[in-house]
Amino acid sequence: MRTTSLPPIAALISLVALAACSSKGGDPARQYGPTPYLPEPHDYLVPPMSVPEAVGWKPGEAPLASAGLKVEALATGLEHPRTLYTLPNGDILVVESNSPGTEAFRPKDFIAGKIKARAGAAAKGGNRITLLRDAEGDGKPALRTVFIDHLHSPYGIVLVGDTLYVANTDAILTFHYMPGMTQITSPGGKLTDLPGGPIDHHWTKSMTASADGSKLYVGVGSNSNITENGMAVEEGRAAIYEVDRLTGAKRIFASGTRNPTGVAFEPQTGQLFAVVNERDEIGPDLVPDYLTSIHEGGFYGWPYSYWGSHVDVRVHPQRPDLVAQAIKPDYGLSSHVAPLSLLFSEGQHLSPAFANGAFISEHGSWDRSPLNGYQVIFVPFVNGQPVGNPLPVVTGFLGKQDETVHGRPVGLALDRNGALLVADDVGNVVWRVSATQTGT
Amino acid sequence: MLAKKQSSNVVSPRDLKGEEFPRSSGRSAAPVLLHRGFIGAGGVLLIVAFGTDYTYYTTALWQWANFSAWLITSGLIVMLVGAILLPIDFATRRAGRLNTSSFILVIAAALLSLVNAFVHSRDAWTSVVPQGILLSAVSGILLLVAGALGGWSLAKSRDGDRS
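Protein chains in written order, with the numbering used here: chain A, 12 to 451; chain B, 2 to 164.
Incorrect hints may have been included.
Unchecked claim - Restraint-style ranges between C-beta atoms, simulated for each label pair:
id : chain 1 : residue 1 : chain 2 : residue 2 : range
1  : B       : 150       : A       : 163       : 44 to 50 Å
2  : A       : 197       : B       : 45        : 54 to 60 Å
3  : B       : 45        : A       : 157       : 52 to 58 Å
4  : B       : 71        : A       : 81        : 49 to 55 Å
5  : A       : 331       : B       : 89        : 53 to 59 Å
6  : A       : 190       : B       : 71        : 52 to 58 Å
Stated by the list, open to error - Non-contacting residues of chain B with respect to chain A, defined by C-beta distances greater than 12 Å in every case (computed):
id : residue
7  : 32
8  : 42
9  : 57
10 : 82
11 : 99
12 : 101
13 : 123
14 : 151
Everything labelled a hint here was simulated from the structure, so no lab data went into it.
Where is the CB? At the ideal position from N, CA and C, for every residue including glycine.
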């Protein structure tokens, strides 16, 4: 069983050495694109962290938009809004949700829970979907109703034909939808189960539909950071599923994606892409979260390796056969930004700079100092592939000296006028980002 | 030095005064050291953590690593109670002289275990192998040596001091 030949004395010396080593992250720009800088992994006694205190927004405060754009609140006072979806008639759905709650297995889990609560991650989700109708398109919805209530940690949502699919944390539900509806009271049918509890560490189930509407694609996160809850609970997790929308038959389309929190099809090529949250606690600049095309049968490394064949020694027993197959992701977003939503742009409504590419919301993480993420970025695409450095779109979610956080961006959608909508699950706001000069 | 009073059918009030209460052996009762039981109980938990670490090392079953994390954390908390009670034992004149060898060994084991609690807060294999199980082994050996040399009492009781 022994896999390491580290002599005991060397182990103790390294223990002393690691207490002294620096744990500050470097310039995130080194980790943008297809070949990110990857430092050596570290073991820590206490992993590098910084946790800003959640303070919300005072009246009149708002995030900052890049030049030529303005930000206004479309809706406030929501219960942990996560995912946004625009219906064909322009109605906007806001999925209000949070983790179903996980049990503490170790002394560490109690402490980690307290730390994350400080950053506003423990707030109760609404377990419902709210409908906003902005008939005039002026960013001031005249109608706001509870569209679907009593859900179970919902996240993904997509309309195909007259069926609305909602991905709870443990199942895909179906609801009959007719244009103009403002409320659905039927309990909904179940299309298929999804991996939920026990544990349900990464609980979100991101979802999109293929262009022809025949298949649904669902991102299922891992049940741990790095298999610390055992391999048995990882069965069928850290994967992207393909689900037949009529029969509910499902299969794993791609695997090794630790936490695929956003899935979407690139409109020019029809290629499936995902944003994936990578592993924690081996350094402030490891491992870069990424945006990548998802190929059928592809294995993207988790848990055995990262960024291709970089082995993670925390996993035992190791699997060199799978490491050899691991696909390198297309595009690094830098480490611990926590990308949570992927939205391809559809033309030049906001700015010519955002005509072709993907908006990505970066929720921000605890496992890095200085903080990284806490913004909405745009990754330009050329010929269906991400190219160049990301551009900031919405920033200013953090307070002074990064000690407080007003809001954290999550779900993204375009409204029917092409304005960018951003869900903020700490500020409990939906922000509307539009161009200043054209009045979209 | 205590006046040896043979017990009789009559118990005088003087007989009921603490230290002077005679036991059947005729020896006076040693004052109970408050810290001793907590150091011993915490020490046992820390020693057992080596066993669960070893089982994780040989099986890679995650729950054994969790057992170790709980054993080390709870062992340290119980020992901390003992560490708080030790000066009380001195202040209340229960304790006499410091039991130097046990004191050094137990303190060293506790400090190593404190580091080990953080090592065990890592995720998966490297929470135990190699540093965690090494620290468990060393602190377990130190505690066993302390136990063999003079027990897990960090001080001698006043009575024991005299005898």
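Here is what the structure says about each hint:
1. B/150 / A/163: 44 to 50 Å: 59 Å, violated
2. A/197 / B/45: 54 to 60 Å: Distance hint for residue 197 of chain A, residue 45 of chain B holds at roughly 59 Å.
3. B/45 / A/157: 52 to 58 Å: 56 Å, holds
4. B/71 / A/81: 49 to 55 Å: Distance hint for residue 71 of chain B, residue 81 of chain A holds at roughly 53 Å.
5. A/331 / B/89: 53 to 59 Å: At roughly 57 Å between Cβ atoms, residue 89 of chain B and residue 331 of chain A fall inside 53 to 59 Å, so the hint holds.
6. A/190 / B/71: 52 to 58 Å: 56 Å, holds
7. 32: 35 Å, holds
8. 42: 18 Å, holds
9. 57: 10 Å, violated
10. 82: 17 Å, holds
11. 99: It holds; residue 99 of chain B is separated from chain A by about 28 Å at its closest Cβ, greater than 12 Å.
12. 101: 25 Å, holds
13. 123: 6 Å, violated
14. 151: 27 Å, holds
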